[in-house]
Amino acid sequence: MSLPTVNLLTIRDLNVRFATERGELHALRDVGLDIGKERIVGIVGESGCGKSTLINAILGLLANNGRIDGGRILFNGRDLTRLDPKSMQALRGIEIATVFQDPMGALNPVISVGRQMRNIQYRSSLRNKEKDARSVAMLQRVRIPDAKQALHRFPHEFSGGMKQRIAIAMALMMEPALLIADEPTTALDATLEVATIDLLKDLQAGIGCSVLFISHHLGVIAELCDEVVVMYAGEVVERGSTSQVFNHPNHPYTARLLECDPARQAKRTRLLPTIPGEIPDLRHRPPGCIFASRCADHRSACQAPPPEIEVDNGHFARCIHARHHDENSRSRRP
Amino acid sequence: MAMFMLFCMIYLIPGDPAAVALGPRATEAMREALHIKMGLDRPVWVQFLNFFTDAWTGDLGREVLSDRPVLDVVMEQLPHTLILIAGGIGWSVALGIPLGAWAALKRGSPAERIIGIASVAVIAIPSFVIAIYALLVFAVHLRWLPAIGAGEPGDFKDQAMHLILPSLAVGLGWVGYIARMVRASMLEVLEATHIRTARAFGLPERMITYRYALTIAILPTVTLLGVGIGHMLSSAVFAEIVFARPGVGKLVYDAILTRNYPLVTGGVLVTTVLFVLINLFADLVVGSLDPRVRSRF
Chain C
1 MSLPTVNLLT IRDLNVRFAT ERGELHALRD VGLDIGKERI VGIVGESGCG
51 KSTLINAILG LLANNGRIDG GRILFNGRDL TRLDPKSMQA LRGIEIATVF
101 QDPMGALNPV ISVGRQMRNI QYRSSLRNKE KDARSVAMLQ RVRIPDAKQA
151 LHRFPHEFSG GMKQRIAIAM ALMMEPALLI ADEPTTALDA TLEVATIDLL
201 KDLQAGIGCS VLFISHHLGV IAELCDEVVV MYAGEVVERG STSQVFNHPN
251 HPYTARLLEC DPARQAKRTR LLPTIPGEIP DLRHRPPGCI FASRCADHRS
301 ACQAPPPEIE VDNGHFARCI HARHHDENSR SRRP
Chain S
335 MAMFMLFCMI YLIPGDPAAV ALGPRATEAM REALHIKMGL DRPVWVQFLN
385 FFTDAWTGDL GREVLSDRPV LDVVMEQLPH TLILIAGGIG WSVALGIPLG
435 AWAALKRGSP AERIIGIASV AVIAIPSFVI AIYALLVFAV HLRWLPAIGA
485 GEPGDFKDQA MHLILPSLAV GLGWVGYIAR MVRASMLEVL EATHIRTARA
535 FGLPERMITY RYALTIAILP TVTLLGVGIG HMLSSAVFAE IVFARPGVGK
585 LVYDAILTRN YPLVTGGVLV TTVLFVLINL FADLVVGSLD PRVRSRF
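Those sequence lines, one after another, are chains C and S.
Under the numbering used here, the first residue of the first sequence is numbered 1, with each subsequent residue one higher.
Under the numbering used here, the first residue of the second sequence is numbered 335, with each subsequent residue one higher.
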């Protein structure tokens with residue numbers, strides 16, 4: 001599986017800090033990832049590992065107490081960290097669109113769906129009638145029944161799954177180059193989750209956009225994504241193609257995370273496995289390996305920042321134990 | 335319930351209305367005759383039942399001095415009070431909503447702090463104090479605006495000029511309430527997920543502020559104003575007295591001084607009904623602004 005040469009989004013050495021009342025919080029440290037054109041890249045990690053911060057940093061929507069402290073976010077060759085708010089706003093919704101986790105709260109409750117969809121197209125020179133026609137077409141693509149009528153209805157008149165599909169329709173209406181999906185299926189039940197994933201996959205193929213898909217559901221990531229980025233405590237600990245990461249995890253955190261996936265349990269047990277210990281306090285980030293305090297394999301060398309080692313073509317792990325595939329094992333994937 | 339309490343309160347006021355109406359030189363026989371005419375010779379509960387049943391048919395009795403139907407007298411004055419209240423709401427909405435929204439948008443700035451302090455200040459100042467000082471400054475010293483009365487009937491401009499100061503006295507305290515309310519709900523709405531979504535869609539900040547956030551943030555204000563009408567009606571009494579304006583407040587005030595009980599009860603009853611109707615109206619307005627409320631009907 002060769003990686004595309006041209007990346008839509010390249011993030012390098014991104015650091016984000018938040019000023020809090022109890023000291024500065026180093027939320028993202030040296031984060032790097034690549035999203036190729038028309039690729040679906042998943043980010044996995046526990047709650048609080050910096051997934052949402054990363055999205056907000058890309059979108060230029062960090063909270064007022066947060067700031068980007070070094071690093072680059074290259075989107076189509078432009079560094080988003082250097083863009084002024086106006087150009088950033090011009091990018092949002094047209095080139096980068098977002099679907100958020102909570103479909104219940106994602107739509108404005110007092111504005112009709114049609115009006116909200118029309119507002120999103122405010123930059124287009126089409127007439128209102130034509131804008132509405134596009135909205136209807138988009139709603140039909142996400143399989144909203146009676147799409148024409150739906151324009152006159154308000155968000156609370158739809159179910160959670162339908163609201164999420166409407167949110168997806170809104171996000172994809174301007175045919176963005178990058179769709180960021182922040183846990184779009186977490187609030188939905190299992191059946192809807194599968195349906196929504198299928199829908200996203202179809203739409204992505206139809207529009208030809210890249211997707212940055214955030215989830216803590218490993219099964220969904222494996223199902224949907226071409227590549228995976230594993231985040232832990234604000235750092236990218238491992239990244240590579242989905243099969244590389246899932247079949248040959250090189251970072252101990254990834255390995256433990258996969259062991260904890262309920263879907264991978266061979267035996268029935270009373271207690272699901274967990275990773276002992278907790279995420280370190282990001283106000284006092286240890287200088288060395290971020291996972292050291294929870295790692296069974298930790299040595300004195302882990303007190304120094306671990307390098308990002310390329311273990312296979314396009315497969316990186318930030319761990320001193322990581323070895324290049326050829327020297328590490330003879331059992332390469334077919 | 336309101337009617338029962340009203341009846342009791344009026345009944346418990348000391349003093350014989352017939353004696354006041356007829357003056358000190360009236361004979362015992364004249365007072366007897368008026369008692370019978372007003373029904374004051376009958377038992378209390380009969381008086382209450384009569385009052386209650388008559389009121390339902392719109393008959394609030396006749397006032398003592400001119401012997402005209404109370405309802406007519408009150409209705410004659412009602413438009414003046416309604417306009418005064420409307421002017422008060424106008425002031426409070428026109429100043430309160432923008433100030434509150436502005437304070438929320440400029441969070442942490444000196445402007446927000448000044449608005450916050452000023453809001454509390456105007457809430458704390460009683461409306462009659464505002465009325466008197468407004469009268470002194472703008473009417474007496476600066477002579478920009480007329481001091482007393484409601485203006486020439488039919489002369490719209492004159493009436494409007496006469497309305498500015500009294501309605502300011504009625505509404506200024508509510509500028510503070512509304513500014514604080516709008517600021518608080520605006521801050522809450524701006525944190526909502528759908529505002530983040532709107533930003534992620536690249537909508538202009540202006541559109542987000544005014545169409546996406548403010549339309550939601552003003553909803554509690556409408557309800558607040560509905561309840562606040564009661565407070566404004568009592569402020570209106572002061573404003574009408576200070577500015578010598580006609581109106582229900584002044585009518586009831588004068589009626590109390592002359593022990594013109596049917597007029598007092600009538601005036602208060604009409605005000606109560608007005609309060610209920612305005613609250614109903616406020617709920618309908620909220621319904622028209624918020625589709626979530628509407629769908630529950």
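Hints in this document: simulated from the structure, not taken from any laboratory.
A virtual CB, placed ideally from N, CA and C, is assigned to each residue, including glycine.
A portion of the hints provided could be inaccurate.
Stated by the list, open to error - Quick partial rundown of chain C residues pointing at chain S, CB under 8 Å, derived from the structure:
no., residue
1, Thr-98
2, Arg-118
3, Leu-126
4, Leu-188
5, Leu-192
6, Cys-260
Stated by the list, open to error - Example chain S residues on the side facing chain C (calculated, C-beta under 8 Å, incomplete):
no., residue
7, Arg-530
8, Arg-533
9, Tyr-544
10, Tyr-546
11, Asp-617
12, Leu-618
13, Val-619
Comparing the hints with the structure gives:
Evaluation of the Thr-98 (chain C) hint against chain S yields a held restraint, the C-beta minimum of about 4 Å falling below 8 Å. Because the beta carbon of Arg-118 (chain C) sits about 11 Å from the nearest beta carbon in chain S, more than 8 Å, this interface hint is broken. The beta carbon of Leu-126 (chain C) is not positioned within 8 Å of any beta carbon in chain S (closest approach about 16 Å), and the interface hint is therefore violated. Interface restraint check for Leu-188 (chain C): the shortest CB-CB distance to chain S comes to about 15 Å, outside 8 Å, so the restraint is violated.
For Leu-192 (chain C), the interface hint is violated, since its Cβ never comes within 8 Å of a Cβ in chain S; the closest pair sits about 19 Å apart. Interface restraint check: Cys-260 (chain C) against chain S, minimum CB-CB distance 29 Å, threshold 8 Å, status violated. Annotation: interface hint on Arg-530 (chain S) holds; nearest CB of chain C at approximately 7 Å, less than 8 Å. The restraint placing Arg-533 (chain S) at the interface with chain C holds, with a minimum CB-CB distance near 6 Å, inside the 8 Å limit.
This hint is violated: Tyr-544 (chain S) has a C-beta 12 Å from the nearest C-beta of chain C, more than the 8 Å allowed. This hint holds: Tyr-546 (chain S) has a C-beta 5 Å from the nearest C-beta of chain C, less than the 8 Å allowed. For Asp-617 (chain S), the shortest C-beta to C-beta distance to chain C is roughly 16 Å, which exceeds 8 Å, and the interface hint is violated. Among the interface hints, the one on Leu-618 (chain S) is violated; its C-beta lies about 16 Å from the nearest C-beta in chain C, farther than the 8 Å criterion.
At a threshold of 8 Å, the smallest CB-CB gap from Val-619 (chain S) to chain C is about 13 Å, leaving the interface hint violated.
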